[in-house]
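K.L.:
These protein sequences, in sequence, are chains C and P. All letters in the first sequence, in the order written, are residues 16 to 130 by my numbering. All letters in the second sequence, in the order written, are residues 110 to 222 by my numbering.
Quick caveat, the hints were computed from the structure, so don't treat them as lab data. We put the beta carbon where it would ideally sit given N, CA and C, even for glycine. Among the hints, a few may not be true.
[Unchecked claim] Between beta-carbon pairs, the in silico distance windows are:
| id | chain 1 | residue 1 | chain 2 | residue 2 | range |
| --- | --- | --- | --- | --- | --- |
| 1 | P | A126 | C | Y110 | 32 to 38 Å |
| 2 | C | E67 | P | P117 | 21 to 27 Å |
| 3 | P | S177 | C | G18 | 44 to 50 Å |
| 4 | P | E165 | C | M34 | 30 to 36 Å |
| 5 | P | D186 | C | L84 | 46 to 52 Å |
| 6 | P | L222 | C | T35 | 44 to 50 Å |
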Amino acid sequence: NAGVTQTPKFRVLKTGQSMTLLCAQDMNHEYMYWYRQDPGMGLRLIHYSVGEGTTAKGEVPDGYNVSRLKKQNFLLGLESAAPSQTSVYFCASSYSPGARGQPQHFGDGTRLSIL
Amino acid sequence: RKEVEQDPGPFNVPEGATVAFNCTYSNSASQSFFWYRQDCRKEPKLLMSVYSSGNEDGRFTAQLNRASQYISLLIRDSKLSDSATYLCVVKSGVTGGGNKLTFGTGTQLKVEL
């Protein structure tokens with residue numbers, strides 16, 4: 016049972032380059048999320064999806080785009096990378112959070128450095 | 110004021126000690142509460158949910174005080190393997206439906222010999 020899988024695990028980009036982070040989950044979860052984690056900031060929600068074909072902005076969406084073409088996959092795109100986007104990115108998934116107490120399951124993160 | 114606040118620590122305790130962390134939240138309409146554990150350079154993992162009546166899981170006890178808007182985590186008989194960062198997480202509703210999770214910045218625990 017793989018759970019939530021993120022690829023790649025590490026990446027170094029130059030300013031202005033683009034890339035896509037892939038998240039895949041095999042738990043048939045409806046909800047998927049992308050977070051970034053920076054020192055002293057905690058996890059901050061970038062974008063999320065409540066189901067296949069739908070996406071919504073989170074707390075810090077600028078500079079990122081997402082797509083949820085298939086239920087099991089959630090892609091995070093950086094169109095023109097900036098040094099401020101250097102961070103650790105976590106994907107998570109969960110059943111509908113309408114049910115009280117539903118936890119989120121996290122992937123093991125992508126460490127992205129923008130030079 | 111941050112929505113979820115935690116003392117960043119670090120809390121340095123000897124093996125076998127009892128240690129407690131508190132977390133305060135600002136949204137009185139928050140619905141659900143969790144403690145996650147995050148090891149260095151790893152992903153957050155759910156430690157336990159926090160229920161209104163308080164709940165226990167082995168050496169770990171979680172408490173919720175809605176009136177004062179704080180959550181606590183008590184770890185008894187600390188083990189070296191308990192060394193990690195503990196994240197307080199609060200689920201709240203948002204305008205238009207749905208809800209969101211807000212993460213605290215975490216409290217670092219170091220258990221020493």
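K.L.:
Any hints from earlier that this structure breaks? Give me their numbers in increasing order, please.
P.N.:
2, 3, 4
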